[in-house]
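**Student:** Chains A and B supply the protein sequences, listed in that same order.
So for the first sequence, the numbering used here puts the first residue at 1; every next one is plus one.
So for the second sequence, the numbering used here puts the first residue at 1; every next one is plus one.
Think of the hints as simulated: they come from the structure by calculation, not from any bench.
In this text, all values refer to a predicted model and were calculated from it rather than measured experimentally.
Each hint should be verified, as a subset may be incorrect.
[Unchecked claim] A short list of chain A residues far from chain B (calculated; beta carbon distances all over 10 Å):
id, residue
1, A4
2, E59
3, D65
4, G154
5, S316
6, A324
[Stated by the list, open to error] Away from chain A, derived, C-beta distances all over 10 Å, residues of chain B:
id, residue
7, H48
8, E68
9, A82
10, A95
11, S110
12, E129
13, V178
14, S360
15, I372
[What the hints assert, rightly or not] Sample of chain A residues facing chain B (criterion: CB under 8 Å; computed from the structure):
id, residue
16, A56
17, S61
18, L83
19, A85
20, D90
21, H93
22, L319
23, S321
Glycine residues also receive a C-beta, built at the ideal position from the N, C-alpha and C atoms.
2 protein chains.
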Amino acid sequence: MLTAPTIVMKFGGTSVADAERIKRAAHRIVAQREQGKRVVAVLSARGHTTDELIRAAEEVSPSPDPREMDMLLSTGERISCALCAMAINDLGHKAISLTGSQAGIVTDTSHTRARILDVRGDRIVEALESDMIVLVAGFQGVSTSRDVTTLGRGGSDTTAVAVAAALHAEVCEIYTDVSGVFSADPRLVPNARKLPFVSFEEMLEMASSGAKVLQLRAVEYARTHGVRIHCRSSFEDGPGTFVIGEDETMEHPLITAVTHSTEEARITLVGVPDRPGAAAEIFEALAAAGCNLDTIIQNEPRTEGVHAEVSFTLASDDLRSAEAALLPVIADQGLKVETDRRIGKVSIVGAGMKSHPGVSAKVFRTLADEGINLEMISTSPIKISCVIRADAVPRAVEALHTAFGLGDSDVHEELPLGQESR
Amino acid sequence: MLTAPTIVMKFGGTSVADAERIKRAAHRIVAQREQGKRVVAVLSARGHTTDELIRAAEEVSPSPDPREMDMLLSTGERISCALCAMAINDLGHKAISLTGSQAGIVTDTSHTRARILDVRGDRIVEALESDMIVLVAGFQGVSTSRDVTTLGRGGSDTTAVAVAAALHAEVCEIYTDVSGVFSADPRLVPNARKLPFVSFEEMLEMASSGAKVLQLRAVEYARTHGVRIHCRSSFEDGPGTFVIGEDETMEHPLITAVTHSTEEARITLVGVPDRPGAAAEIFEALAAAGCNLDTIIQNEPRTEGVHAEVSFTLASDDLRSAEAALLPVIADQGLKVETDRRIGKVSIVGAGMKSHPGVSAKVFRTLADEGINLEMISTSPIKISCVIRADAVPRAVEALHTAFGLGDSDVHEELPLGQESR
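Put together the whole structure using the sequences plus the hints.
**Tutor:** In structure tokens form, the structure reads like this:
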């Protein structure tokens, strides 16, 4: 249907925070248009707009209605898009801003954390075919019952990827205030290396273990629909990091990156009855409240009839709703609850790990040599995560980064075939 | 279709300016619901929100695109409505906020000053029938080409009246920071009297000659559709002013009120060629730019072939676009332009004036006795307006108010039959 190649560009909150930055984004968008691309740009709310709106809601109501919260929060991205469209028009191009609803982002009815069901892109395509640059308000959609919905924190990434998938865009560029995906957080590890390529699988593990450059759901959506992502800086030129299919990368380094998080908390439930269904009741209650759990550990009672202990970690943001959701179960099963907000997590991620034994032993040895105690461990085929004390996280990240030789001085860039000229 | 009586309540920007006021509005809305009414509330943007958004647009673009301006400005009312819905939910009632588009406010495509074509109230009615309180974002609609539009300054009044008409509401209550319509601005005339009743015709003349309590278009719409308006205070109880059909009022006082304005400017065009169509070209250019003119005067040239002079007044806000619109005509006809921003206007309005001669003589005498020079005069069957120097306005208003005996100490309230018990 479209003749010229289509590109989706997504700008985060810091990239549109004020008039100057909106104009800069407008220039970047126009530059792509002038290279003959059809351009759709997805924008987040400006800087602290979302936080200010949340504060306004909290001033009015102790527990704001989720439908109304979505109506409120969805205004932020619309403001960014309208302002950016004005700036683009001044540069001599035609731009049109569309709300999530106008852009055809159809979601389920789960307010404040809706999932995209479909992108009915007719109106976007229509505008592109009239030579317009299209600005789409990120983070939002319209539910099957015609209400405004939002996709949850970071949902603009998902909007961008979903629009890119619907339009068969050649790439979905994610502009942020960092220049790409690094082998570790450069604030903790000065010689951290910018990664030219990361596979979807690695990016998924990195996003879920603390790397903030891309939202987890966006990466999932991109993998499912085969959308090529390019993470790059709004403030400097040059390539960032491409997130692409595993088959597109030639080399599988053993370890790609060290990630970390200190925004998790742990809940330990003591005295879980040793009967079938006891744990199920706990996790059903948490699922109903929409809490995403991370590491879960259950200690088998050593003696018959003795109660078990269940621990799990979750995002600190979800702690309050998890505690509320557990109240009936706690009363019913007679549990004792311990909450720990001082935990941290350090993870190593690498697609090559699958075929190399001995990686976990090296992780544990490295941390032990630093005198860091492991409180919980969880693994996937391409990730090893360790829960440790929050204050030990910086030391752990640096030690692992060095131990696996991930720094700029340690490795040569491994470019996939045919990509060298980028 | 509806069984219980329906009422529309409109709250202006100062009535929803902060969390405290939003909660107060919520209480008022709930009080009406608890009296068995079906309630639709139309809300304006909070306090200075609209001005802040306009400033943001001006920072980005010297002449913001009108379509995008509407997308931007329409967010303000949505924020108010979402916040108020949250507050109502906390009071134990079910509330739902609707954007102009969701509420079925269909307009033409004139961005920033759209006119309502239709109110497709199905979704409002559906919500009312599910026992919900409905909050409608004022000032906005959706155009026939599916774009967000706004109705121009004060458009929320028009939204409220249009919704009231579509729902056959028993009354449209307009809540503001004043307690009703007065016989003159109480800040200029301390003994100004609150009017219990005003006819649509009088209110139209008052709105167009400076009374700010109601927007002109809202009054026109109400008259056309027979919507009873009640102007009252958000901050105190007790009745305000009813705006009703002339046939509903028993008495027609000679003069109802003195109004004034200092927000107008005058443009004088010197050297208009004495040929057919010269004046038409001028006013066609102004009409195309959407400028609403008020008083227009043309001096007939006294000698054949000598050029004429055309003067007109218009809202100061429209001055810039009027000057721009006139540029080609000025060049073409070789005109000289004089702009005067220091003019003021004082008017007396009264339905009884029609049948009483001598009113204008009394107006001119009163102003002459105060030493005030009349620069332009315009009349309608129920209004006399005089353009004077802006700084003479306060004296003129007070003198006319006294001369026609409009003060609290001067007249007895004239209640229409059957209305005394309100």
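**Student:** Next step is simple, just say for each hint if it's right about the structure.
**Tutor:** A quick look at each hint next to the structure:
no., hint, in the structure
1, A4, "24 Å, holds"
2, E59, "4 Å, violated"
3, D65, "5 Å, violated"
4, G154, "21 Å, holds"
5, S316, "24 Å, holds"
6, A324, "17 Å, holds"
7, H48, "14 Å, holds"
8, E68, "4 Å, violated"
9, A82, "4 Å, violated"
10, A95, "8 Å, violated"
11, S110, "17 Å, holds"
12, E129, "16 Å, holds"
13, V178, "25 Å, holds"
14, S360, "49 Å, holds"
15, I372, "45 Å, holds"
16, A56, "6 Å, holds"
17, S61, "4 Å, holds"
18, L83, "5 Å, holds"
19, A85, "4 Å, holds"
20, D90, "5 Å, holds"
21, H93, "11 Å, violated"
22, L319, "23 Å, violated"
23, S321, "18 Å, violated"
Comparing the model with each earlier hint shows violations of hints 2, 3, 8, 9, 10, 21, 22 and 23; every other hint is respected.
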